[in-house]
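Chemist: Take a look at the letters that make up each chain.
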Amino acid sequence: MKCEWVKENILLYVYNELPDDARYELEAHLARCSDCAVELDTTRKFHAVLSELPVEEPSPNLVTAARMRLQEGLETAEQDRFWHRLIFEPAAWLRQVRFAPALAAAIFIVGFAGGIGTTYKFLNSISGINPVASSAAPAESSITGIQSITQDPGSNHISIKYNTVSTQEAQGSLNDQRIQQLLLFAASNNYNSGVRMDSVDLLTQEPNNTHVREALIYALRYDSNPGVRLKALDGLGASVKSDARVRNALLEALVQDSNPGVRTEALHLLEPVRADSSVRSVLEKLAHSDQNQYIQSQARTVLSQLPEFD
Amino acid sequence: MPAEAWAVPFAVGKCSYPVRRDPRKPQSRGDMAGQGSGRIDDTLLVRDAQRGNRAAFEELVRHYDQAVLRLAMHLTGSEHEAQDVYQEAFLKAYKSIANFRFECSFYTWIYRIVTNLCLDHLRKRQVRKEDAPVATDASGEQYDVLDQVPDGRAGANPERDLMRRELGKRIGHALEKLTPRERMVFELKHYHGLKLRTVGEVLNTTEETAKNTLFRATQKLRGALADMR
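Chains as they are written, first to last, in this note's numbering: chain F, 1 to 310; chain S, 311 to 539.
A hint or two may mislead.
Claimed, not checked - Covered stretches of chain F, as calculated for chain S (at least 3 residues, CB under 8 angstroms): (1) 12-23; (2) 39-50; (3) 53-62; (4) 67-76.
Stated by the list, open to error - In silico lysine-lysine, BS3-like type, Cα no more than 25 angstroms apart, as pairs: (5) S:Lys-521 - F:Lys-45; (6) S:Lys-479 - S:Lys-434; (7) S:Lys-487 - S:Lys-434; (8) F:Lys-7 - S:Lys-505; (9) F:Lys-45 - S:Lys-487; (10) F:Lys-7 - F:Lys-45; (11) F:Lys-121 - F:Lys-161; (12) S:Lys-530 - F:Lys-45; (13) S:Lys-487 - S:Lys-521; (14) S:Lys-530 - S:Lys-487; (15) S:Lys-405 - F:Lys-7; (16) S:Lys-479 - F:Lys-2; (17) F:Lys-45 - F:Lys-2; (18) F:Lys-285 - F:Lys-241; (19) S:Lys-505 - S:Lys-521; (20) S:Lys-434 - S:Lys-402; (21) S:Lys-434 - S:Lys-530; (22) S:Lys-505 - S:Lys-487; (23) S:Lys-402 - F:Lys-7; (24) S:Lys-530 - S:Lys-479; (25) S:Lys-505 - S:Lys-530; (26) F:Lys-45 - S:Lys-505; (27) S:Lys-434 - F:Lys-45.
Hints listed in this document are in silico derivations from the structure and should not be mistaken for laboratory results. Built from N, CA and C at the ideal position, the CB exists for glycine as well.
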């Protein structure tokens, strides 16, 4: 085994390519192994034989001639310029990028910004798709307007699209506090009368809720659209007997509303409380001197139905 | 820079460049680099040449051109072809010196160019399957390069001279039978004294591969020259 190793390495030993420890080991082996010593001798002799083919030094004439020819060649030769390397050797160009740390930093910054941007967009899209999942009710101050309100036919499910900074959508039942909040907001603040109408229409389904009642009274008093006011009247009609505020609002509408239809409807709704003194005095006033003859006659009719008090 | 190294400035154009010489390194016949004057620090010259300074490049050429000619002549066996290799190698080096990134020594880089050209040359020769290393001299006449093997010792006796010439011819033929790569490794190691590590670097391979190739080449040569041992 040892001799085999020596024979494998004897060439490297002759060429002086063995590391010191291997060299020492080999020499120690050669001193006691005659076979390997013979092998070394043979290798050295062969080495010497091969060296019989001499390496010629180039003659001065040859060197001079070669140099002169090269100088002529260099006259016309052009070194690769930057643009040339850029076009033909993009790999070499990349290798020589000396601003690698700056490039790495730039890539990191771009990646970081991109990541933040994507996350922002992703979260936004999530909240846009299913805001019902979010438990936080939208603050009124953040709502810029209600876009649309729809109720699924035959169900209690309402869908409201409203704007904050961007359009959002909320879904839920009428009992849902957030939905109610949005409906109340829509009834009193929205620029679109159709939406106001829808919200008031839905709110009339909850006439016993104080907030709803207030919103309906508000709509009846201040909404510019007679249709909306009419809807609010319908919603309030049921509680005219039980709530003095509703009665007063209806009376106010009866006296001051610009729309005869609203006034007529208010008059009819006030019939259950026609015996109230405030109602009666208003009716008498209307029966006596209202500009609208129909209202006048209707007031008289209602008054005539009142039981006589002696 | 080692303490024992010393510098000799010499003028190239307007600049002067220090020549570093390592006194530990003995000069030998096989020492390829720097025309036998030790390893030279070429960094300044290379940088100037990269900026387009032709004088600096020509100085670099003078550091290496004799070694390049020596290698090319021994491999091709022809002064004419050696001159072609020389011309092509240095023109190529001049054109692409801007791409030199100091990842290896300039010495390794230039020998990489030269050995690649010589390998091409050897491969072409193998394809031509020439029986004898016949070459053409400057005047266009064909001659057997092995007949040109000179006898360095003046006054040697004619009989010994004839034997040496015969021996040289046989070695030449045996070398011709190696593959171009085996030939190159053997040439760089045996005739030009490069370390196997450097041979690996020059040929773009590992020291281990260079070592195995050297073993293979030596085995083949032993087989071809069996009767001469």
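Chemist: Check the structure against each numbered hint from earlier and tell me which ones fail, lowest number first.
Modeler: 15, 16, 23 and 27
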